[in-house]
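Spelled out, the chains give:
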Amino acid sequence: MAGKAVIARAKTTVVSGGTGARRSLYWQYMVEPFLYLSPMILLIGSVMLIPLIVGISYSFQSIELLNPFATGWVGFENYEKLWSDRKFWIALENTFFWTFWSIFFQFFLGLGLAMLLNTQFFGKKLFQALVFLPWAVPTFLSALTWAWLFNPVIGPIPHWLAALGVLSEPYNILGDPDLAIWGPITANIWFGVPFFAITLLAALQSIPGELYEAAEIDGATPWQSFTKITLPFLAPMIAITVMLRTIWIANFADLIFVMTGGGPANSTQILSTYIFTTAFRKLDFGYASTIAVALLIILLAYAVILLWMRKRLVKI
Amino acid sequence: MKKFLTGITTAAMLMGSAAYAETTLKLVEVITSPERTKVLQGIVDGYEAANPDVTVEIISLPWGQAFEKLATMVAGGDIPDVVEMPDTWQALYAGSGQLASLTDHVADWEHGATLTDKTIAMGSQAGDLYMIPYGFYLRAMFYNKALLAEAGVEPPETMADFMAASAAVSELDGKSGYCLRGGPGGTNGWVMMAAAMNGTNDFFTEDGKSRMNEPGSVEGIQFMLDLYQKGYAPKDAVSWGFNEIVAGFYSGTCAFLDQDPDALIAISERMPAEDFAVIPMPVGPSGKAFPTIGFAGWSIFKATEHEDKAFDLVAALSAPEANGTWAKRVGVIPVHKGADQDPYFQTEQFEGWFKELNGAQYEPTTMPTYLEKWGYFASTVVLETSQEALLGQRSAQDLADEWAEFLTDEHAKWQAKQ
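Chains as they are written, first to last, in the numbering used here: chain A, 1 to 316; chain L, 317 to 734.
All the given hints hold, so there is nothing to weed out.
In the BS3-like style, the derived pairs of lysine-lysine whose C-alpha atoms are separated by at most 25 Å in a straight line are: (1) A:Lys-81 x L:Lys-729; (2) L:Lys-546 x L:Lys-461; (3) L:Lys-618 x L:Lys-342; (4) L:Lys-729 x A:Lys-282; (5) L:Lys-644 x L:Lys-461; (6) L:Lys-354 x L:Lys-644; (7) A:Lys-282 x L:Lys-525; (8) L:Lys-671 x L:Lys-604; (9) L:Lys-461 x L:Lys-491; (10) L:Lys-644 x L:Lys-434; (11) L:Lys-385 x A:Lys-282; (12) L:Lys-671 x L:Lys-434; (13) L:Lys-342 x L:Lys-354; (14) L:Lys-671 x L:Lys-644; (15) L:Lys-385 x L:Lys-342; (16) A:Lys-282 x L:Lys-733; (17) A:Lys-87 x L:Lys-551; (18) L:Lys-434 x L:Lys-653.
One side of the interface only, derived from the structure: several residues of chain A facing chain L at Cβ under 8 Å: (19) Leu-174; (20) Pro-177; (21) Thr-260; (22) Gly-261; (23) Ala-265; (24) Leu-283.
The hints are simulated quantities; they were obtained by calculation from the structure and are not laboratory data. Ideal Cβ placement from N, Cα and C applies to all residues, glycine included.
Using the sequences and the accompanying hints, generate a full structural model.
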């Protein structure tokens, strides 16, 4: 026993030359920063990581509030159920449709508004305030308002659409399974345009004016200025806002829940509304967590792809 | 200092008056709104004036969390004396021996004899009265007089008449027959139609099988699908909830609406009284109709130390005059015989409900709320699947089979626990 101790001691003395410096490096780079960061790490861990891990662990368990005694680990049973769940696939398809068209219109209308607000015209300040107004309205209220606007008894939209020949007669598109999803999408566009307008306007205002002057002197057309100066400068902001908004909209259940409740016949059911009904109507938290994990994986994959594209395409 | 002294004196006086009131009764109300609490407070003030030795403390629980809150209060030993009891909790509290029997109290009560038979039946469980209902939320059929006259049809009495009248109204330009509730809260409609065509409102057979997919019930479900698919209901009614059907009715878009008296409050504000009336639900081939009924009432907890005083309070709340005031403000059908003689209830608007309550061919249906997943079934399963059927994606039989399977399973689970 004593012999072993001697050997060990002998080993440490062999490397002792560099230990002091290495320990201080180790201390300086590996321990000390984390020591300072520890309150934040603890905070982030307790408010984000732990719930995330608990949430994911729920997806491998049976947790039904109405059967409190039948809880327990079930392995991949919930995931197998998910694979053969018709409603999940409908909701997934709707999620893509809802997110794509909401983002598409929000982005292009937002960009147009930002470019417009970046010019000088009479009454700009009032116009600017009006543009940002939807952002200040609670989503619940805007959902209710839009739901009524689409109601032919009270709202004008069906009558306008019928007059324009889009609808054969003034009826509520929220009750038509083929068109219902366009109701919440319209409300979402109205609600989300200011976000893009604000962020893109800020990015536009940061582009140095000399660049445009130089381009003008060189004889560039407005389209060339737009594609060669404006777009490259906006690109980093576009990438990050589109990514954030996509994740946000894919998770955004309020409008759909208030306007259509996922109906009629699941035609507007997206994954996040499906998670909500599974958790709080069916009271099956295990299965709801499984759907939530599926959504999380899809969004993570999307974020990775977009960040990769941003790195490859955006040079600045 | 002066203010402080005044405060002390006031506090002392208040304590003195509290000491004078020997008894404090705790009353918990669970279906609340500021307006409603004001009416309740008014009735309670009258009781306190007549009983100076009693103070009543009203505790209002918001309906959304009322079930959990009351259960926690009771489990924690903070048991109220008098409680507002919705029909859906009655089985739970009476069954677990928490409630005082009111049978003897009511027998001695001067107004006990005027309570209608249905009131006593609804408040009773296993032969004992545990609640004095304060009113009924009963379904009846509103109809638009002008639209019916224009279409040249009479108010319907049977399901066949109802279909024919709906068809006739739908012939009119831009009008529909029935304000169908295809969206949230539509379950009652499906249950009533299925029961009317099947001739019974029993949810299960003796061996615990759901009656939902019996041929009669399927016919009832098909009846609703026909109303919609033949265009006798507005196209977007597939997603209509309470607000939409009521708006559809008062705006004159559709001629028939089955609803509780609480819809009357919104409708009578926007529609002249002479333009509409209320008739009983149409009867099916068996000559019977089964309007769904919901109710709530006043119960006394067995743990109370002042049972007699507590009953005096319940009696004050349930006395014909107080009950009449309550029913008018809350939108329910009152519980005493002869209440239909009140001029307020003697209108055409209330006729339908009183006919239903007094007619032998109308059997009120209570939902099987004792099933654990009933809430999920009614709010989600029926909603989604019935919309699929209304939109022609599945058949009535298919729908009925899925519902029956769900209910039979739930019933078996419930029975296993008994």
